[in-house]
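Student: Each chain is listed here by its residues.
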Amino acid sequence: MFTRKLTSLLAAAAVAAALGACSQPASSSTPTAGSEGSATITSSTKLTVVTHDSFALPDELKAKFAKESGLDVTYVAPGDGGALVNQLILTKDAPMGDVVFGIDNSFSGRAVDEGIITDYDSPALPATSKQFDTPDLTPIDFGDVCLNADSQWFAKEGIAVPTTLEDLVKPEYKDLLVVTNPASSSPGLSFLLATISAKGDDGYLDYWGQLVDNGVKVVQGWSDAYYTEFSGADGKGPRPLVVSYATSPAYTVTEDGSESTTVALLGTCFRQVEYAGVIAGAQNQKGAQEFIDFLLSEDVQSSIPETMYMYPVTDVALPAQWEKFAPLSEQSLTIEPDEISAGRDRWTKDWTAKVIG
Amino acid sequence: MDQGLDREGHRLIRRLGAPLAGRAAWVVAGAVPALFLAVFFLVPVANLVLRGFHDGGSWTLAGFSEVFSAPRTWRILWFTLYTATLATAACVALGLPVAYLLHRCRFPGRGLLRAIVAVPFVLPTVVVAVAFGSLFNPGGLLEFLQLKESYLAILLALCFFNVAVIVRTTGSVWSRLDPRLGQAAQVLGASPLRTLWTVTLPALGPAIAAGASLVFLFCSTSFGIIMVLGGVKYSTLETEIWYQTTQLLDLRAAAALSVTQLVIVSGSLLASTALQRRTQQSLRLHVDDSAEHPLSPARDWFALSVTTLVVSVLLVLPMANLVIRSLRRDGQWTLQNYANLATTGSSGALSVPVWQAVWNSAWIAAVACVIAVTMGVLVSLVASRRPRNRGGRLSLTLLEGAFLLPLGVSAVTVGFGYLITLNRGPLDLRSSLVLIPIAQALVALPLVVRSLLPALRAIDPRQLEAARALGSSGWQVLRRIELPHLVRGLGLAVGFALATSLGEFGATSFLSRPDNPTLPVVIYRLFGRPGPDNYGMALAASALLACVTAIVMGAAEQARGKGVSTW
Amino acid sequence: MRNVSIHYGDLVAVDDVTLSVEPGSVLALLGPSGSGKSSLLRALAGLEPLAAGQVLWDGIDLSTTPVHRRNFGFVFQDAQLFSTMDVGRNIAYGLGKLPRHRRQERVREMLHLVGLQGFEGRKVTELSGGQAQRVALARSLAPSPRALLLDEPLSALDRSLREHLADELARILREVGTTAIHVTHDQDEASTVADTVAVMDHGRLLQRAEPDVLWRNPASRDVARFLGFSAFLTNDQAAALGWVGRLGAHEVLGIGPRSLELHDDGVPLPVTSQGFALGEVEIGVRLPDGQGATLTAAERTTAPQVRVRLVSGAVTPA
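Chain order of the listed sequences is E, W and Y.
Counting from 1, one number per residue, gives the positions in the first sequence under our numbering.
Counting from 1001, one number per residue, gives the positions in the second sequence under our numbering.
Counting from 2001, one number per residue, gives the positions in the third sequence under our numbering.
Calculated directly from the structure, the hints in this document are not laboratory data.
These numbers come from a predicted model, not from an experiment.
Built from N, CA and C at the ideal position, the CB exists for glycine as well.
Fair warning: there could be bad hints in the mix.
Said to hold, decoys possible - Not everything, but these chain E residues come out facing chain W in the computed CB check (under 8 Å):
1) THR48
2) SER54
3) TYR75
4) VAL76
5) ALA77
6) PRO78
7) GLY82
8) LEU90
9) SER223
10) TYR227
11) SER329
Based on the sequences and whatever the hints tell you, model everything.
Tutor: Below, the structure written as C-alpha cells:
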C-alpha cells in the first residue's frame, strides 16, 4: 500500500520538478542552469544527504527509504545549522551532496540568496502546511524556542511565573534568567530574534541592556544552560528561567505522569521552521526530490517529535505527552527569512558588543 | 646489482649526499609522507587561507587591515598570548617538582603515578570540559570555590592537559643528568636551593624551554577548553577562527587570523625543535638511570608535596568526580547509566547505540594508528639522517617542522579546507569515512614523530660506524641497528596515535556521519540532548572513554624503552 | 674517620674503616676499582650516607652536617664543570660571600696557581681534559676548604699528561699547604702526590704507611700483589737467586718488576715472554719454583734463557 503511494508521489514529484524547472528557467547562475534549461533532472544510483548534526532519523526509516528507492544513501552531518549553510556556500562549485535537511528559517534566506538550492515544490506537502512554505525550500518540521520556567521553584518561592518579555526586566525576576550565546547556539539566536521581533531593530539592544542590568546570564550552549544552570533539569542549577524549546516540558513530567515540573512561557516564543532542499548542482536531483517527499511521508513525520523534538509540518498524530505538556504558542514571534538573512550578522555582532563586551 | 645497492645504502647512513640509487630510496621514503601531508593538510589549508586573500579579482591583504583595525582582534590576540604564557608558566612551576620526583627518585608505585600523569594529555577535550564543569558547576564538589566560567578554571584545565608535557620533556633529561654536577655545587658550599637554581635548572634549561614552547603551542591553540569552560566571556584566536569561518563565513578575517596563529605556532615549534635538539647534543647524559636515588621524605619533601597536590587535586579529582557522577542517579549508586550505553538514548538522541560508536572509534583509531605510525616511521627515519652539509641539515629540520604543523592549525581550517579541496574525482572523499582516520592520523603524527625521533637520534654514531666497519651494508645497519631502536619508541608512538585518535573531536565532528559516529561525537551529542538518561549516558560514555584512553597510555608507558621519551 | 661503614643495599662498600689525616698532609687512598675508596671519600664529603661510624674534624662530629656546610673541596674524576658558566664564574662559584673585586682577585690567583692565567672568560666546553681538571682543582681550592678530596682526578687523562699533572698536583698541594685525600688506583701517582698512602681492598683498610715503607714492607700478600709484586719467595729461594738480605721466620720476599736484574753471573732462567713497556723490554721468566716474574732490559734477547740476579724485593708477612 505504501509502495503505491510512494510511486504516485514520485511521479507527481517528477512532474512538479519539471514544471518548476520550466517555470523558472535559468534564473540562478548555478552550474545546474544548463540541465534545468533542457528540462531534465540528473539521477544516479547514489544519494548523499547532508544534514545538521542533530539529525536523527530512525534506522528502520532509513532502511525503508533505501529499499524503496533502490538508492545507495550516505548521510553526512558536517555541522550545526549555521555552519551547514556556510559549508554548502563554500562548496557551491562542487557540491558535497544531493539533498540538504536542517536549514532553519534563520539561515534559509541566506541559503536561497547564495543560490545553493534548486527550487523544488514537493507534491507531498499538504495544502494545510503551505503556511510554512518558502521559495526553493520545503518545510519539514517546526517548533517554538521559548523561555522555560521551573514551576516548582516559583511555587516554592511564592513568586508568579513570568509570562512576557517585559516581565523579565522586573526586579522580582533579577538574576533568574539564563540564555545561550546567539553566536554559537541556535536557540540563543532564536531568542535574540524573538526580542528583535518584539522590540524592533531599534529597540532590542536597549531591552538587552535592561536584561543585563537585571542579571541575565549568558552561557555558550543549550546543554550547559539547560543541564547545569537551569534549576528545573537534572543539574539542579541555580536559575529557574532558561532558553529552551516549547516541547521541553514534555520531558520533565513527574513519574505519575500527572504534571510537568517545568512550563514553557508561550509569550516569549520564536517560531523555528526546518527546511529540506535539493542542492544546486546535485548529481542526483531525482533522488534528492524523492528524499524530500519521503521526509514528508507519514512515517517520517510521525517520528519527528520523538527524534528531533519538533512538530511535524503535516497533520499526523502527536505524542500524548505533547498534547498535554508541550502546546505550541498561539502568538509566536516571527521575522521574514530574508530580513533575518540581511540582519543576522549585524545583530549578533551588536548583541555581542552590548551584552558580552 | 644488489651489491651496488648495498654499497650506496652504506654511505647513506651518514649523509644524504650519496649517489643516485640510495639517494633516490631516501627521497621516496621522504616523499610518501610528504605527499600525504601535502594532499591532506597543506593544500587544503592553503586553499582555504588563500581564498581569504583573494577578493575574486585580485590578491589583497585587506583582511589584515580590516581584522587588525578592530579592537576586538587585539583583545583576543592579547588574551590568547597572555593566557598561554600564564598557563605555560604554571605548568613549568608545577611540572618541574613532579618531573624530579617521578624521574629522579625511586619509590614503589612510581610507574602507576607516571601513567596517571601521562593520561590527561591525551584525554578528549569534551571529556575534560565535562569533568571540570561537573566539579565547579552548581551541585559540583568544588562549587564553593566559585570557579565556574572563571579565568582560573580555564588555567586549571590547561594545566591539567599540559603538565604532563613538562614532566615528560624535563623528566627524561633529568633522570639522566649526572648527579655529580649538583654534588659539585654542593661541595662548594651551595645550599640545595642554590644548587637547583644555579646549576641544575640551567643545565635542564633547553629541555624546560623545549617543553615550555610545546605547552605554549598547545595552550595558545586550545579550542574545546575555552569554548566549554570559558563560557561566552573568553575568546582566543582559535575560537575566533572557528566563529568567523563556520558562523559568519568571513574567510578574509579567518585567513588573517589563521596566518597570525600560524606565525605564533611556527615560532614556538621552531624554538621547541631547536631546543630539543640542543638538549640531545649538549648534555653528556647517562644512558642508564643511575642518577636515580631512593625517595627520601626529609630531602624531597617539597617535590613530594607538590606532586601529591598536583596528582590528587589537579589530575585525579576531576576524573574521579566524573566517574563517581557517572555511577549516580537521583542520589543513588547505580550502573544504569552504563547499562543505557546499549541503547540509543532517550527519545532517539543517537542513531546508533553507544556500543556501536565504541566499535567505530576502535576501528577508526586502529586505521588512524596504522597510517600515523607508518608515516611517522618514514618521517623519523628520513629526519634522523645526519647529513654533513648545511643545506641537508636545514631541509631535514624543515621536514620535521612541517609534520608538527598540524598541531597548530585549527581543525575547522582543515575541515573547511577539505570541503573545497578534496572535491573532484577520486579525491572527492568528503562523504567518505576514510577521511576520519586520515584527519586523525594527521593530528597524531606530530606526537608519533616526537616519540620515534629521539630513539633514532639517541643511537651513538660510533655504533653505526662500528657496524659498518664490521662489514654491514647500509641496509643491514638500518635493519639490525636502527629499526630495533625505532621499535623501542614504537610502543609510545602507537599509544599516542591510538589515544589521540580515540579522543579527537575537532576534525572528526566535521567529517563523521550520523550513522557512524565516534565516541567523542556521541558524548557531545548526548550532552546536547534533553533528558536525564542522555546526560547520564554522556557521563558514563565520558568515563568509559577516559578509562580506555588511560589503559592505552598506561600500556604504552610500559612498552616504552628507556630514554625514548623526550618530546 | 671512625668505624665508617657504607652499604649499597646488601652490598657492603666500606666495612668498618678508621682513618685519620694529619693537618697539612696529603693522604693517598690506593686500591683497585671497587675497593670502596671512592665511596669512603664521598662519605667524607657527605655525598654518601653512612651506615655506621662517624666523620670527625678536630674532634667535631660532621656526620649530620649537610654537604654544603662541611667546607671540603671535592674534585671529581671528570671535572664536572658547570657548562652554563665560563671558567671564571666556575671558580668563583664557591666564593659567594666575598665582595666582587675580592672574588675576581681570588679567581686570578687560583688560575695562576694552576697555570691557566687569562682563562677567566673561556667557555668550559673549549677546554681540554687537562685544562678542565686544572679548573676543577682551582674551583675546589678557591674557597680555602678545610680539606681537599680528590676522586681519581687524573684517571680520565692520557698517560703522559697524567704523569705531568701528578707532579703539578703535588706541587700545588704543597704550595697551598692544604690537607688532602687523593683517591687513585695508580701506585706511582699515589707515591708522587701523597705523604702517606692507605691501601684499601674489598671495603677494608689493608695498610697505611709512607710510600717507601709501603713498597719495602707491604702489610700482606694482598697489598704486595696490588703494588705489583707478583711472585713470593722464601728466604732460601731468594738466596738461591743471589739475594743478600735476610727474611724473618714468617716472612716472604715479594718479587716486582724491579727486583730482578740481568747479570752475567746470575742464575739462568727460561724466558716465557717478551714485550715492550715505555721503551724498555719486559722479559718474562719462570722462577725455579714455577712462579712467573718479569724484569726489564734495554734490548730484546734471542736466547731461550737469561742470567738473572735478585737485587731487591718487598719483605712481606707470610
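Student: Taking the closest Cβ pair, is GLY82(E) under 8 Å from chain W?
Tutor: GLY82(E) check passes; min Cβ-Cβ to chain W is 5 Å, inside 8 Å.
Student: Would the stated hint for SER223(E) survive a check requiring a Cβ distance to chain W of less than 8 Å?
Tutor: 5 Å, holds
Student: Given SER54(E) as an interface hint, is the shortest Cβ-Cβ distance to chain W below 8 Å?
Tutor: 7 Å, holds
Student: Is the shortest C-beta separation between THR48(E) and chain W less than 8 Å?
Tutor: Constraint on THR48(E) satisfied, holds at 5 Å.
Student: Once the shortest beta carbon distance from PRO78(E) to chain W is found, is it less than 8 Å?
Tutor: Holds. Min distance 5 Å.
Student: Given a cut of 8 Å on the nearest C-beta pair, is the interface hint for ALA77(E) held or broken against chain W?
Tutor: 5 Å, holds
Student: Once the shortest beta carbon distance from SER329(E) to chain W is found, is it less than 8 Å?
Tutor: 19 Å, violated
Student: Does LEU90(E) meet its interface restraint, that is, does its C-beta lie within less than 8 Å of any C-beta in chain W?
Tutor: With a minimum Cβ separation of about 6 Å from chain W (threshold 8 Å), the hint on LEU90(E) holds.
Student: Once the shortest beta carbon distance from TYR227(E) to chain W is found, is it less than 8 Å?
Tutor: 6 Å, holds
Student: Given VAL76(E) was flagged as interface, is its beta-carbon under 8 Å from a beta-carbon of chain W?
Tutor: The hint holds - VAL76(E) has a Cβ within 8 Å of chain W, the shortest such distance being about 5 Å.
Student: Does TYR75(E) pass the interface hint, meaning its C-beta sits closer than 8 Å to a C-beta of chain W?
Tutor: Since the shortest Cβ distance to chain W is 5 Å, the answer is holds.
Hint compliance for this structure: hint 11 alone is broken.
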